[in-house]
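Trainee: The chain contents come next:
Number of protein chains: 2
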Amino acid sequence: MRKKKSSVSALHEVEGVKQPLSTNDSSISKIKQKRREQPSESEFVTKILAGDISYLSRAITLVESTNPKHQQKSNAIIEQCLPHANKSVRIGITGVPGVGKSTFIEVFGKFYTSKGNKVAVLAIDPSSSVNKGSILGDKTRMEELVKDQNAYIRPSPSGNSLGGVAQKTRETIILCEAAGFDTIFIETVGVGQSETAVHSMVDFFLLLKLAGAGDELQGIKRGIIEMADAIVINKADENNIKQAELAKAEFARALHLYPPKESKWQPKVTTCSAFYNIGIDKIYELVQEYTSLTKVNGYFEKRRSEQNNYWLLETINQQLKTEFYTNKNVKKALKKYITDIENSKTTPFKAAQELLKLSKK
Amino acid sequence: MRKKKSSVSALHEVEGVKQPLSTNDSSISKIKQKRREQPSESEFVTKILAGDISYLSRAITLVESTNPKHQQKSNAIIEQCLPHANKSVRIGITGVPGVGKSTFIEVFGKFYTSKGNKVAVLAIDPSSSVNKGSILGDKTRMEELVKDQNAYIRPSPSGNSLGGVAQKTRETIILCEAAGFDTIFIETVGVGQSETAVHSMVDFFLLLKLAGAGDELQGIKRGIIEMADAIVINKADENNIKQAELAKAEFARALHLYPPKESKWQPKVTTCSAFYNIGIDKIYELVQEYTSLTKVNGYFEKRRSEQNNYWLLETINQQLKTEFYTNKNVKKALKKYITDIENSKTTPFKAAQELLKLSKK
Chain A
1 MRKKKSSVSA
11 LHEVEGVKQP
21 LSTNDSSISK
31 IKQKRREQPS
41 ESEFVTKILA
51 GDISYLSRAI
61 TLVESTNPKH
71 QQKSNAIIEQ
81 CLPHANKSVR
91 IGITGVPGVG
101 KSTFIEVFGK
111 FYTSKGNKVA
121 VLAIDPSSSV
131 NKGSILGDKT
141 RMEELVKDQN
151 AYIRPSPSGN
161 SLGGVAQKTR
171 ETIILCEAAG
181 FDTIFIETVG
191 VGQSETAVHS
201 MVDFFLLLKL
211 AGAGDELQGI
221 KRGIIEMADA
231 IVINKADENN
241 IKQAELAKAE
251 FARALHLYPP
261 KESKWQPKVT
271 TCSAFYNIGI
281 DKIYELVQEY
291 TSLTKVNGYF
301 EKRRSEQNNY
311 WLLETINQQL
321 KTEFYTNKNV
331 KKALKKYITD
341 IENSKTTPFK
351 AAQELLKLSK
361 K
Chain B
1 MRKKKSSVSA
11 LHEVEGVKQP
21 LSTNDSSISK
31 IKQKRREQPS
41 ESEFVTKILA
51 GDISYLSRAI
61 TLVESTNPKH
71 QQKSNAIIEQ
81 CLPHANKSVR
91 IGITGVPGVG
101 KSTFIEVFGK
111 FYTSKGNKVA
121 VLAIDPSSSV
131 NKGSILGDKT
141 RMEELVKDQN
151 AYIRPSPSGN
161 SLGGVAQKTR
171 ETIILCEAAG
181 FDTIFIETVG
191 VGQSETAVHS
201 MVDFFLLLKL
211 AGAGDELQGI
221 KRGIIEMADA
231 IVINKADENN
241 IKQAELAKAE
251 FARALHLYPP
261 KESKWQPKVT
271 TCSAFYNIGI
281 DKIYELVQEY
291 TSLTKVNGYF
301 EKRRSEQNNY
311 WLLETINQQL
321 KTEFYTNKNV
331 KKALKKYITD
341 IENSKTTPFK
351 AAQELLKLSK
361 K
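Residue numbers (this note's numbering), protein chains in the order written: chain A, 1 to 361; chain B, 1 to 361.
Careful, some of the hints might be misleading.
You can't tell identical chains apart in this list, so a pair holds if it fits in one copy or across any two.
[Claimed, not checked] The calculated PhoX-like cross-link candidates involving lysine-lysine, where the alpha carbons are at most 20 Å apart (straight line), are: (1) K264 <-> K295; (2) K357 <-> K69; (3) K295 <-> K268; (4) K357 <-> K331; (5) K345 <-> K302; (6) K302 <-> K335; (7) K110 <-> K335; (8) K361 <-> K321; (9) K357 <-> K321; (10) K87 <-> K295.
Hints are computed from structural coordinates only; laboratory data are not their basis.
Please build the complete structure, drawing on both the sequences and the hints.
Mentor: Here it is in structure tokens:
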């Protein structure tokens, strides 16, 4: 019994996924065997490069694990996969709930696979630690895409910090690319900070919208519109067509108010109906146009390089802050200093210097 | 003559301003004497609280000095002034060159002093280290305000980093308030990052504009409009009146597209002619309205407290980054890691972890 428990928790460690406890004795040896059989790094790499989805999934599980040993292993796998990555087009897809994102991704993904592409669908959603993996639910809705041999759908990694989730997603992209996926969709929910994170890891940013009543611009996060390379007004069908066209015109006007992008790409607005499969080809064409333009003018490569720098600096900065604010002395003194500032006993600048000194004691 | 020289070079240390070196022997003892004569901290504080402009200026010079001894002294002075500060209304004034900022500040400042207020005009402009103090030039243009007993104009502190300049400006505000100035103008040039810094140290943010030809919104930094509590269209005179009114309407429409502010203040657009002294009273009224509203609803205090927290965290964060990137080991290794990332030999995340380890060696 003791033995069993330990081996089960060993498996837990290996895969980082909760497994049901088995009470059957013979299962112990199986588990042990399984453990011995855990593929080596080079086995992982060979299989991933051969496009083996089961190994890809297991490697992503290692990436998502919080166990340091797994992280070490996944780092090694990623490092060996890196030279084979970077060859896809990464598309960020965002939109508020209700906009028809899963239907859109299903139809858009199917269009890509029908053109001979291999599509991986990932999600970034820091809140998913609460309702574990919004895409998991989506997966049941993306019936067609799930069955497609050339598509791979992976739920959002759970995590408390956006930075952590973003890191896992970035590393997952590398693994998927090494496994031969040439098109990566990264879905995000369109209501929080995660759009900025997604924007900093994709080549093309697509905003899904609905035609609403009245002022289309009201209440939209300006930053998200500014990031968009395309705004797609979904559900442009049946009685909705006229309104969708009006919304399209309004967004087009709004986009023209923004300064030109460094990519030289003029963001486009288009309509579609994912449900009736109308207008999907136009969106595919847009992405093609964009990648052609930016690959020729050098922006595509430049942006990827900038994104790498961004993540390097961002990771360092986050880590420095985490170390500082979890420092015992700082934790103890911080409140007192904030109170002192509020009571005009010290300035923020002097308090900062003193806290920095404390953090080094 | 000698006496004068020696005291001047002593002043060099005290005031942090370059002065010709004296080679005369007897001057040394004089310097020493003068040094002994340098006012004590409590002398500084007493004089500043009594509204002595000459002591105020010398204290600000200490704030701006890079000499650690001066910083220690200015810190002590600021600390004793703090309980007497915080009682002014701080107004940020921004606008691109050519908008008539100096004329506006001169006339607006005179309006304040005519109402019995005491006005200090400061500037924040990190680029002024190149053309030392844009306001210095302005000062000659603000002929009336310079002569005004109830006005104090202080050129922009020089400095390489925006953070450093911002800190000096914030500390200067405290000294001016302790000296009895109840209205602080903080001028910025309206083309760079400095607006965000100014916005984080003022109560009211005023954007000066001109009526242009065509689309008023084109090319304006959206962030700046979003920060504005009032947009003032200057030079609304002679043949310009109609265009200014059109611009006013257009800005008013644009402002309505933004989500309501936490202050519950609906940003206003108005026109004026600083040159002909038309419409200045309306702007004064706007500021009064704003402060009444936000002092009653609690936002005024809340915002100042948030600004203090912002500067505390910002200073800590900047300092952590500075320490990291000036670390010898990091400096040596950083380029190699960036190259490795570019050549797909490592990921930004792994590189970050390794650099963080190096920084602790």
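Trainee: Tell me, please, which holds for K361 and K321 at an alpha-carbon limit of 20 Å: within, between, both or neither?
Mentor: For K361 and K321, the Cα distance is within 20 Å both inside one copy (17 Å) and across copies (19 Å).
Trainee: Check K357 against K331 for me: Cα-Cα at most 20 Å, and say if that holds within a copy, between copies, both or neither.
Mentor: Within one copy only: 13 Å inside a chain, 22 Å across chains, cut-off 20 Å.
Trainee: My question is about K357 and K321: at a cut-off of 20 Å on alpha-carbon distance, are they close within one copy, between copies, both, or neither?
Mentor: both (15 Å within a copy, 15 Å between copies)
Trainee: How would you label the pair K357, K69 (within, between, both, or neither) given a Cα cut-off of 20 Å?
Mentor: between (34 Å within a copy, 18 Å between copies)
Trainee: If the cutoff is 20 Å on CA atoms, where do K87 and K295 land: within, between, both or neither? Let me know, please.
Mentor: Only inside one copy: K87 and K295 sit 12 Å apart there, 57 Å across copies, limit 20 Å.
Trainee: At most 20 Å between alpha carbons: which applies to K264 and K295, within, between, both or neither?
Mentor: within (11 Å within a copy, 47 Å between copies)
Trainee: At 20 Å max between alpha carbons, let me know whether K302 reaches K335 within a copy, between copies, both or neither.
Mentor: Classified as between: cross-chain Cα gap 17 Å, same-chain 43 Å, threshold 20 Å.
Trainee: Cα distance capped at 20 Å. Does K345 pair with K302 within a copy, between copies, both, or neither?
Mentor: between (48 Å within a copy, 18 Å between copies)
Trainee: How would you classify K110 and K335 at a CA-CA limit of 20 Å: within, between, both, or neither?
Mentor: neither (54 Å within a copy, 42 Å between copies)
Trainee: Using 20 Å as the alpha-carbon threshold, which applies to K295 and K268: within, between, both, or neither?
Mentor: within (18 Å within a copy, 45 Å between copies)
Of the numbered hints stated above, the single one contradicted by the structure is hint 7.
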